Amino acid sequence: MSVQIPKTLEDFPNSAPRWVGRGVPRVEDPHLVTGRTEFIDNVVLPGMLHAAILRSPVAHARIVSIDINEAEKLPGVIAVVTSDDARRWSHPEPTVPEEWGTHCLAGDKVRYVGEPVAAVAAVNRYVAEDAIELIAVDYESLEAVVDPVKAMEPGSPLVIEEKGTNVMLQRVFTWGNVDGAFGDADRVFTEKFRWHRLGANPLETFGVIAQWDPVDESLTLRASVQSATHFGLGRAAVLGLPSNKVRVIAHPHGGSFGGKGGTRGTDVTALLTRKAGGRPVKWIEDRAEYLTGGGGQAWDRHYEVSLAVKNDGRVTGLDVKLLDDMGATGEGFGAISTAKPLASFTGPYAIPVARYDLTIVATNKLPQSPYRGMGPPPHNCVLEQMMDIAARDLDIDPAEFRRTNFIPKDSFPYTIASGNEYDSGDYEAVLDKALALADYGKLRERRDQARAEGRCVGISVVSAIEPGVFDWNAYAIVGVQGTGVPEGATVSIDIMGKISVRVGFALEGQGQYTLATQLVADYFNVGFEDITVVCLDTHSAPPAFGPGGSRLGVALTGAVLGACGKLRLKLAKVAAGLFQMDPEQVDLVDGKLVAKGVAGVEMPMAQVVGTMLARSDLLPPDVDPRPEATHVWTAPGRTEVDEEGRAKSYLTAAQAVHVVMLEVDPETGLVEILEYCVVDDCGTRLNPATVEGQTEGSIAQGVGAALLEEYVYDEQGQILTSSFMDYLLPTVYEVPATKKGIVVTPSPFTPLGAKGCGEGAMHTTPAAILSAINDALAPMGARATEVPASPNRLWTLIRAAQQPAAGE
Amino acid sequence: MKPARFDYAAPDTLGEAVSLLERHADDDVMILAGGQSLVPLLNMRMARPELLVDLNRIAELQYIREDGEWLAIGAMTRKRAVEESDLVRRRQPALLAATRLVGHPQIRNRGTVGGSMAHADPAAEYPALALVLGAELRVVGPGGERSIAADEFFKGYLMTAMEPVEILTEVRVPILAPGTGWSFVEVARRHGDFALGGAAATVRLDASGSFSEVRIVLFGVSGAAVRLGGVEERLVGQRPGDALFREAGATASEGLEEPLSDVHASAEYRRNLAGVLTIRALGEAVARAGGREPGQEERR
Ligand SMILES: Cc1cc2nc3c(=O)[nH]c(=O)nc-3n(C[C@H](O)[C@H](O)[C@H](O)COP(=O)(O)OP(=O)(O)OC[C@H]3O[C@@H](n4cnc5c(N)ncnc54)[C@H](O)[C@@H]3O)c2cc1C
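Protein chains in written order, with the working numbering: chain A, 137 to 944; chain B, 639 to 938.
Hints were generated in silico from the structure; no laboratory data involved. Quick caveat: nothing in here was measured; it's all calculated off a predicted structure. Possibly wrong hints are sitting among the right ones.
Dumping the calculated DSS-like pairs for lysine-lysine here, alpha-carbon to alpha-carbon at most 27 angstroms [stated by the list, open to error]:
(1) K640/B <-> K209/A
(2) K209/A <-> K411/A
(3) K876/A <-> K545/A
(4) K640/B <-> K411/A
(5) K702/A <-> K634/A
For reference, chain B alone in the conformation it holds in the complex (with noise of 0.2 angstroms):
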């Protein structure tokens, strides 16, 4: 399990590594950032760039800042970094939550923000998060710089809208606002396995306690994250409760297209994980909105 050959380039800025970029446009060029995926897709000579751009020498690509409304978060940012990051405790506990599901240490050790955002596996962890927050994405390229909506970014199955001579910068992630219950839930076979499925969710409630604002997003049972946007817009208006959450788990769960099917779980396994998993992270959320913490921790 050797790679084939490959041309090996590693820049000390983001200058460098656009120009880089830029000159090698029509070669097969790979970025290498934590490795956690890459790596083992050049040992199984899955992918055979002619040149590989490792990014670990760009200091300038490590960072979290609060940016007014957001966290921004260089692309390089090992995990382990936002798992420790008080500021990403106090300002987006979503976040501290979701990265705590990747994989083991060991992995959050190298695996990067960037790396997982531009990566983006259907049942990773980040991409869902930054579907149910509305996070931003900001690259650059030869043509300069440009931010992506996360709604924009993620185009299905390991595809992004990036362009191959891009670079992933910063991952740009709303502040959670004061009121804004959320849950992050996920069922893996093992503890740090990629999960079978997961669910992402965001609810603001109105004064009369109704759902004022939804957002819901499943991972792992499709071939993409996915927004559930129709039950978004049943559920706001309502006032939560267990046949409401029932309701738009049967929705969840009749309305997934194309279920995934491993030797892990079946299609239909997948189907009900999606009504199970809406349900839970609504009501772990709704709890959140209400200023208590779930009651029952998700098991894995």
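Isolated chain A (complex conformation) (with noise of 0.2 angstroms):
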């Protein structure tokens, strides 16, 4: 018998569920509120050394030369590595696209400001950060490669030389006619948007403990890291070494968001520890660090969009050009944010053909890195843009424009142009609730009564698709290869009828421990009490990713409820055998060992366990006496990309409406949100609090990219934004409370029906109310198209459109 994973709650070996689907107090939580969580920087090893990294001060220059002697010299410094060691231990960094990358400390020049030079491994951070200071580095500066579009013009410098261009990608993907698309159109909108650099900010920064153990050759890296087995087959491949000679612990971490990063200063680290004779080195990256060298930029974009329309509304072709800085090199990954927007290309509607020209160049500036949503947030912002200026020109209500382009709810699964399937939906349904919840046609009257009034306010009514569960394909044509992303999970029950859950993550805040201990406590009729999940390092764990975009939810699920149900067929087996029945007859009922339709007779799981751990020998022959089952779980379906770049590749499509209403202060340009509401359809909720803090955050997060969030570099390409002075974050006060509204469509390619939700509102966000100040701004005929919309954008726009003599 196969295993099978449960497809509703009614499928679980249960007659009274009390777990899944309800917003239960998360497991996680208590560690957290009482300070015991074991982050990376609570931990302290014998003989530990903290690390400080010198990092280039200037965005090009060449290295002239490096001296370390008065580094060294100085009392409490153990080590002191440069590119020599760099070059002796390990490899240029991994990166997509490929082979743009150089070692982890620079070389023969530096490309941006904050790449690091030299590490200093010391007895505390002052003295390392002493240390720093005394190496003398001469540089010989360089031509700086800061605008995206001069960098891409014959004769400009070159980030990196050997590759003779700045153009690190260039292509033009199109999918079906497009041409004649926009022939037939009635109406043709084109339109230029400008997103900038911004990206995710987690609470805690990335932080290492490495340690080299000198006699076998191998690396223990202790760190805050997202996906510890990605991770440690980077380290060995930029390090040199076997991949089972580095062994990675992940710890618990306070957040990601995509921007935990840490690679070069994790490499760094561990030439700090081979060099000082295999004493564990800790680094701790600090947030002046981390703004300027670490994993939070992302998404630094110029778009040119085009839209075709007929006259009765209907979209029929897009036309997207995008021009995305991606920084000096392409180790942060940041690149499949440019390749991921083809799994939602165009969103919610049903646009039949699409253009996508994509050109990705290196400058001289902080290389991209992921971030919450990885790409189609500003994708999804233009779109819907655009949605509203067609709208506005047919003279159509917003709401009713998309209505008429939505995806219809008989048509799934259905294919988009850009060749990614989405698996349910029911957008109407989304659409016609958010309406109600704002209460729409009241809203209109609040906005005309204000404007009536002289004020300035707006109201957007946008959707936009969250692609769940990720797959490596997904980004294929920025070249990251293979198709396929497991997560496996250990269920084991004790002898005492407790039950261990072993997964290859380490917590990072959405709530995934709680969740297992969901879905276990109810197939097997337990309490959370009676249930622990642990994180495994990866010489141990089962097979696993953990989180990122937006799959752990639905990937655990699968695993957990795997492993759960070949545990059940053991146990079965094993009680059949004390039965003395055929293993048909025996199954897992309330978390009893039950013979079926025979009255009295069943057993206690621990009592199975019992007999299996101490009577191995009266077991089944083909019985494996530990009382544990593994399941590895991975999307059904994917397939290969096309030379189009098209391929099944996120499993499902999360779908959302937000109305917002805001008023722009026109003698400021400062922004103030009204109303905001927002309806989502993630399919089955497994944890309802969970999904909801999700949501939450990620419109927290939405409205710091619409309004604040932005990483500036002047013309020499210094950064201006170190520091959180001058790098906006949303606070409590600027994120407005939400009126919430669901709609439960399950998702029939899934365990349960759940969708990834994880990213959320993150996709709906910074569209909603860019949209809102368009619509609060148009009465003027002034139009927003750079995201953060700041008080000097805004107002610099008002001013032009109420003087237009002198606004040019």
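Got two chains here, each in a separate frame; can you build the complex from them with the hints?
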């Protein structure tokens, strides 16, 4: 009998499930709120040293010489490393696109402000920072490449000379007869947009303790790492070690959102521990390092977008031209953010044909990293602006315009122009619920009333798709290899009937340990207190990727339920042996092994487990005596990409509609959000409280993106936003209270019908806010096309609209 | 982000602190108050004192007292104490309003009244408040005590009239006279941020309803808080009204010297803001002078 993964709660061997689907308190929280979670900076190892990294103060310069003599002489300094060590003990960083990397310590030249040049391991961080001040680097400055358009011009200085160009990738993808659609359109709308560089800012920056074992030449990394397996493989490749000689112990961490990065700092720390003869070395990235040289920068985009529209309101074609300024190298894997939009290119709309003209360029800025949403948020933002531009021109209400173009609910699974398949949805139901929640008619009256009073108020109704459960194939167009992302879990029962779930990812904040606990508790009909979830290191964990790409809730459900199913079969077999019956006659029911149809013949799980452990000699010969089972889940039905980049990539498609009303102060350009309504459909909600938390947090990040967050570089490539004084995150005062509603359309493709929802409103909020701003500005004929819509930018637009003569 | 090495002293009395400073007159010495500005500077190694003299143990520098026509506030009084002071609420509501705009509760728990004055950040609320109200600042040094009027105290971007060996001990703020209208408004990108610009005003009206006294201060828009002497003069004797406020705003805007420009706002933006805030502050202050609470609260 093969293992069955339940499709609904009814398929559980439990007549009264009480955990799954409920907003149960999280098992992670008691440790977090009492300060007992073992974050990496709390860890102290015997003999441990502390690292500080010397970083380039300039964007582009040749390194003439590095003198480390004084630093080495400082009492308390144990090791100093430079590019000589990097070349001796490591390879260039792996990148996307491939072969756009450098060594972890700059050699001949530096390519961005904040690039590591040398590093020190010392008895404490103070001494280490004193020592890096004593390292003398002689720079011969080079012209910096800061503007990606100029970077493409012949004669531009080159970020990586050996490449012969700054263009990392240039390709046009055409899906269907795009020229035909635009030729046949009644109206064509075109607009340019600028989405400025921003990114993840987890509460905790990255941290690692590296320990080299000089005897068997192996490396142990304790780190606040998001995907331990992936991270370990990468480090082994860079450090030239066999993959089984790098062991990663993932620590719980204070968020990531794609920003945990840490690869280059880890490689530097690995060089230090090796040079220090194997003493453990801790490197905690501080916030200034994070902001200028960490994993926190993403999406630096110039768009030109065209929409083909019929007079009846049908959108018949989409043409997106994107120029993304990737920064100096591909080491942050930021380029995958230009590929992911293929997973939901046309949003929730049945736009039959599309084109994507993609250019990625290297400049002397920090390499981009992923960020929550991985690329579609800016794409959705510009698509939604185009939808509004068209609706306004056609004089169709934005909500109705979207309704006209929604993929109808009877056409799922639906393959979009760019090749991905959407699993299910009922977009009109979500729209209707959102309009009702917002009291849309009244809202418009309020807006019109305010306008009559001379106020600058606007409303938006926008929609977006959240692709869920990522697959590597989604990033094939930027050179990522492979298909399939495994997630494994081991479920094991001890002689007291207590259950352990062993996984390969550390706590990151999204409540997955709670989810595993809910699933196991309902499967075996036990309480939360009977279950422990533990994270194993990469030498012992089941195959795992961990959180990322809105996948783990779905993938973990598959893994845990698969393991539970295997264990159920195993226990039934053993019990059947004890009952002297056929295995088919015995099953797990409500936490006991029961002989079907024979009243009174049953046995508690603990007793079956006890027998397995104590008397393996009595077990049927084909039964493995461990009372545990492991299952590794991967998304079914993923396909190889075709020549136009098309594939079944992300497994699920959640959808949301946001309705926002806000006011712009025309004298200052400040924005105040007056109403925020969100309705979303991410299929079955395994833990509604967790989903709500994801929604809330992602709205906050969306507000930051739309209004506040921006990394600014000057013309010399100097970063001007190296602290939280200047890189502005939204606080509780800037994030609106929201009204929320839900629609549930289960996914036919996932265990229990859940869809990926971890990126959440990040896909929709920036679009919703910019759209509402544009509705507010529309009466004066102004249009905001830059994100973030800062007060300075909005005021400049408004002033230009009010004084057309002085405006240009 | 760790500071460079420094020596540290934490005297218990003002007298000890003064003599410490005197003894180390030739060294690079810095005073530590709430640390909300200084500690980041230390950690970024932008400040590298040889000796840090911590005033936090000096209890005698923490008080808020009524002293005739003045509120006398010890330099080490936390902003949170000002915010919670009944005396301040009753006697000088403009001080309360300004205090609430300084950072966040966490910052106000540590940051001191004296620290904000001594630091003299161009976008800080307290220097602007001191200027508009005509506060006095008391300092002691090896030569004894002296009192400096706010107009004399603030010398420009992060600069004051204090000598390095002097300690600010008390800030004296005039009690709001009956019939005086006031306003304290600012625009910041986020709640609690240093302002992109702000304005403080006090006005008095005569029996005919015309301005008899006007003080307006702008902050955050240029290198230091500035009093708009020219605008004030033009307003005195005139009857308040929208057209007059607009004219005052235009004068303030045009007259602004070297507006700041940074990643948050251009010089042009701040020049415009100078006018907008002048108009808003005058409107509010006049409303209060007439015994009315301004209808539209500032949004941030
Ligand atoms: C996140 C954040 C937000 C903030 N927002 C604002 C804001 O919106 N508005 C605002 O005005 N401020 C803001 N601040 C700054 C804060 O108000 C500080 O408290 C203030 O600038 C300095 O006061 P302090 O007591 O912390 O002084 P410290 O930081 O200890 O010292 C500041 C300077 O003053 C000197 N000094 C301090 N006390 C004396 C004294 N008695 N005699 C002589 N010299 C002295 C010190 O030597 C040092 O040079 C913010 C700070 C932070 C961290």
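Which of the stated hints cannot be reconciled with the structure, identified by number in ascending sequence?
No numbers; nothing is violated.
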